[in-house]
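**Student:** Start from the sequences, fold in the hints, and give me the full structure.
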Amino acid sequence: MSSTASPIVAVRGIGKSFGAHRVLSDVALSVQPSQVVVIIGPSGSGKSTLLRCCNALEVPQEGSITICGTDLVKNGQLIPDRELNALRMQVGMVFQSFNLFPHLTVLENVTVGPRQLRKMSKSHADALAHELLAKVGLSQKAAAYPATLSGGQKQRVAIARALAMQPRVMLFDEPTSALDPELVGEVLQVMKALAREGMTMIVVTHEMGFAREVADVVMVMDAGQIIEAGPPEQVFSAPQNPRTRSFLQAVISRD
Amino acid sequence: MNLDFTPVWQGWPQLMHGAVVTIEITAASLLLGCVLGLLVGIARLDPSKKLIYGLATGYVTFIRGTPLLVQLFLLFFGLPQFNILLPAFACGVLGLGIYSGAYVSEIVRGAIQSIDRGQMEAARSLGMSYRQAMRIIILPQAVVRMIPPLGNEFIALIKNSALVSLLTIADLMHEGQKIISVSYRSLEVYLAIAFVYLILTSLTGLLLRHMEMRLRAGGVVQ
Ligand SMILES: Nc1ncnc2c1ncn2[C@@H]1O[C@H](COP(=O)(O)OP(=O)(O)OP(=O)(O)O)[C@@H](O)[C@H]1O
Ligand SMILES: [Mg+2]
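Chains as they are written, first to last, in my numbering: chain Z, 1 to 255; chain E, 1001 to 1222.
Keep in mind the hints are simulated off the structure, nothing from the lab. There's no promise every hint is true.
With a Cα cut of at most 30 Å, we get these calculated DSSO-like pairs of lysine-lysine [what the hints assert, rightly or not]:
| # | chain 1 | residue 1 | chain 2 | residue 2 |
| --- | --- | --- | --- | --- |
| 1 | Z | Lys74 | Z | Lys141 |
| 2 | Z | Lys135 | Z | Lys122 |
| 3 | Z | Lys74 | E | Lys1049 |
| 4 | E | Lys1050 | Z | Lys74 |
| 5 | Z | Lys122 | Z | Lys141 |
| 6 | Z | Lys119 | Z | Lys141 |
**Tutor:** Put into structure tokens, the structure is as follows:
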């Protein structure tokens, strides 16, 4: 992949196996500031694993990953814990199953990171959290506990929680897959707004409409490899790889 | 058969005094057991830390595989051989505490492992260290789940604490036996002792159920 300005995320030649099962092989990826990369591909192709490697929730056995020019994984070696924690603050993650902290209020979910990790004062963190909750349309839910929220609301809180660390890049792993269809839109709205503001994003999703509209680059994964990458119009209208074509056909016929 | 409960009525104040000692020793032991159990339970989460995991597992295996009475005697009669002379009460708390620590550690481990893996991942992805994630995110949720089994452990410990009477501690059992030694009314006094233990365990059970219901009502436990 061409290296223009210094990339926010640079993945070079990573490989990962779970036991004998090879899940990623020789994957490379470079994300420029404000770029939105959407990763699509069949189930089990390694999309989540690739994304989780980008904040070392999984560690590849081969290859290197840098975040904003700082090594995260070098030749299959994870950096020491101290540096890892500091680097993870730069990378926001949004999970399919939200993973909100159920014992904390919505406000506390958003402030816990800045307060504990950035040593922000309570008033400062609260102000930041209220601002972010307003942005995701949940100002009135600040005092609620996660259990009382709908799936769409939970995912918007999770986005606000990640944003509160003021990350340089946001990773989304199928953020709308666990949602009832009528709640998908509100989460995609928030993500689109983020993209418009220039947030750097890597998004694993099955929402082809979102990919078409927001992605700068669409990557197609299959069997642990990126088999195709390009602007959405090219990947969707004139896919080069026959496996991309059959995947897209399967997705379209399912919808 | 003629039953004569007179010695029980006459000895009632001593029995009550013994019951208080039983509660004290049980509570102190469980407190010690909780501290030990928390450390050991966390140590047993990660088998890849071989030394710590091995020590913790050895402790749990030994305690759960040997009689409590033997453990108590090891402390009470064994320690003096090293010129460590502990008061009987301290010996009892130490013995029961070390004993319950092994069981509490299993409660702690189970509760922590019952917390969804995604909680740790979400905490770590924010940039928290393992320790911070444990302290701020995992343990507060796990502690709530520990309360019901800890209550059961407290009840079991009340009953097991009768063994410390053999260390000359003046607990409920010991006070009862003193009454028997002068009245020879074994059946009546042991019935009375059993009755008082039953009251203690039942009250504790009620208290726990009440607490659990309030936690549930407050939405802390699902
Ligand atoms: N912790 C793990 N241990 C063992 N195997 C794993 C683990 N995580 C993932 N895998 C396997 O690796 C492969 C890739 O998984 P991954 O979750 O990255 O796929 P995916 O593209 O995200 O799929 P989906 O669309 O279903 O989410 C799958 O076959 C999965 O079973
Ligand atoms: Mg996945």
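**Student:** Next, verify each hint and record whether it holds.
**Tutor:** Comparing the hints with the structure gives:
1. Of the supplied pair hints, the one linking Lys74(Z) and Lys141(Z) is violated, its CA atoms being roughly 42 Å apart against a limit of 30 Å.
2. Distance restraint check for Lys135(Z) and Lys122(Z): the Cα-Cα separation of roughly 20 Å lies within the 30 Å cut-off, and the hinted pair is therefore satisfied.
3. For the proposed pair Lys74(Z) and Lys1049(E), the alpha carbon gap of about 24 Å is at most 30 Å, so the pair holds.
4. Annotation: proposed proximity of Lys1050(E) to Lys74(Z) holds, straight-line Cα distance about 26 Å (limit 30 Å).
5. A threshold of 30 Å between alpha carbons decides the hint, and for Lys122(Z) with Lys141(Z) the separation of about 18 Å falls inside it, so the pair holds.
6. For the proposed pair Lys119(Z) and Lys141(Z), the alpha carbon gap of about 24 Å is at most 30 Å, so the pair holds.
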